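Participant: Sequence:
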Amino acid sequence: TEVQSVKTEVHSLESKLSTEVQSVKTEVHSLEINLSQKMQEQIITLESKIDTKIEALEERTKNQHTNLKQEITSQINTKFEEQNLKITIIEEQIPHIHKQVQNISNEVDTQIQAHEELIQANTQTLSKQNVTLGLLTQEIKQIKENPVTTNLNQIPEIIINYMGDHSDSINKLPHFHQKTKNPPEFLEQFEKYYHKYSNRNTRDKLTYLELIEQCFEGTTATWFQIIKLEINTADEFKVKFLKQFWSPDIQRQIKRRIEIEKYRSEGKLTMAEYFIDRTHTLKSMIPPLNDLDIIEILSNNFNEQIRAAVSVQNIQTFERFIELLNREDMHHKTERVRRNSNEYKPNTNSPTHNQNSNRNYRNDGYDRYNKFAPTKQTPYQNTQNYSRPNHKQNYSPNYPNQ
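Oh and the sequence shown: position 162 is 162 in full-length UniProt numbering, straight run, nothing missing.
In case anyone wonders, no lab produced these hints; they're calculated from the structure. In this text the structure is predicted, and so the values were computed from the model without any measurement. A couple of the hints might just be wrong.
Said to hold, decoys possible - Below, computed lysine-lysine pairings styled on DSBU-like, alpha-carbon distance capped at 35 Å:
hint, residue 1, residue 2
1, K192, K262
2, K283, K262
3, K86, K228
4, K79, K99
5, K283, K196
6, K99, K240
7, K196, K86
To be verified - Computed beta-carbon distance windows for the label pairs:
hint, residue 1, residue 2, range
8, S127, Q102, 34 to 44 Å
9, H280, N199, 22 to 32 Å
10, R256, R338, 54 to 64 Å
11, E304, L126, 39 to 49 Å
12, R60, P248, 52 to 62 Å
13, T66, T219, 48 to 58 Å
14, M285, K333, 26 to 36 Å
15, T233, M285, 40 to 50 Å
C-beta atoms are modelled at their ideal positions from N, C-alpha and C, and glycine is treated no differently.
Based on the sequences and whatever the hints tell you, model everything.
Facilitator: Structure below.
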């Protein structure tokens, strides 16, 4: 009976459990249905929001594209108008430029004609000098062949005519070429010339800019033609001129060259002349170097003997330095004359010395004079130095383009 009771109870429990399981399943199924519906609703909502955002993004992109297109179109139109304006201005300037080119061509033709006339005049002068030289040669030959008729103490007068470049004269318009003249020195020379030119009682005087235009040669003349329309006053010209040809970089380059070069005794300049020339260049620097710095730089360009003398004598002024160099130049000149005299000393051991002593003495003296007499020179164009006419010597400043 108890077993039967237990079975009944178990059966009852199984029924309850089955009912509860069925209930739970129903509940779960209901939850699944609800959850599915909610997810579907959220998906629909998200899709709606995404569509809305996409539409808004497309609208904004479309507006930006329209604005950008309008802006680019406006810029293109503006640039096109600017280019048209520039083309119009250039077309308006073409006749003026053509006139300038014609004027330059006329000036060049005039200068060529003047140079041809100068060459012709120089040729005539050279012919006259050749005639004079021929006569002198005949005279010398006669003197050598007839020594008895000539005074033993007389040296014939020899006159040599030569043409030099005097472009630094205040009475002549100075010329400027980038590689041949110190720019500040050129301005100084031109100011002196223009001051004298302005005081002349002449009609139709040229302005400052018109007159200085005639000073330029080579590439500098081309440079002036390029900038002449940009300047209206003398001060504006000076600023552009010094910026182009005497810039800080150019000055540093020239100063460095002077610092590393050495004086060459075989050059055209004496030591004193070399010192004065380099001092003038360094003084032209902007700002100029002080005297002690210049003395220190240039003393290193001479030999050890000069450097030692500067140090021992504590030379601190240009005047004392030039006095020292003048003494050395005079000493070297004396030595050269002494050596040359020894070269032409007559041979007293010769058997015929007593018979020909007078003629040997006269000829030796005459030949020695002839050795140092000035020789005929052709016109020299200063292409290596900016500070003096016939100044082709130790150092050749080269002013580059900037």
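Participant: For every hint, state whether the structure bears it out.
Facilitator: Hint by hint, here is what the structure shows:
no.	hint	verdict
1	K192 to K262	34 Å, holds
2	K283 to K262	19 Å, holds
3	K86 to K228	20 Å, holds
4	K79 to K99	30 Å, holds
5	K283 to K196	25 Å, holds
6	K99 to K240	24 Å, holds
7	K196 to K86	43 Å, violated
8	S127 to Q102: 34 to 44 Å	38 Å, holds
9	H280 to N199: 22 to 32 Å	27 Å, holds
10	R256 to R338: 54 to 64 Å	39 Å, violated
11	E304 to L126: 39 to 49 Å	46 Å, holds
12	R60 to P248: 52 to 62 Å	56 Å, holds
13	T66 to T219: 48 to 58 Å	55 Å, holds
14	M285 to K333: 26 to 36 Å	32 Å, holds
15	T233 to M285: 40 to 50 Å	25 Å, violated
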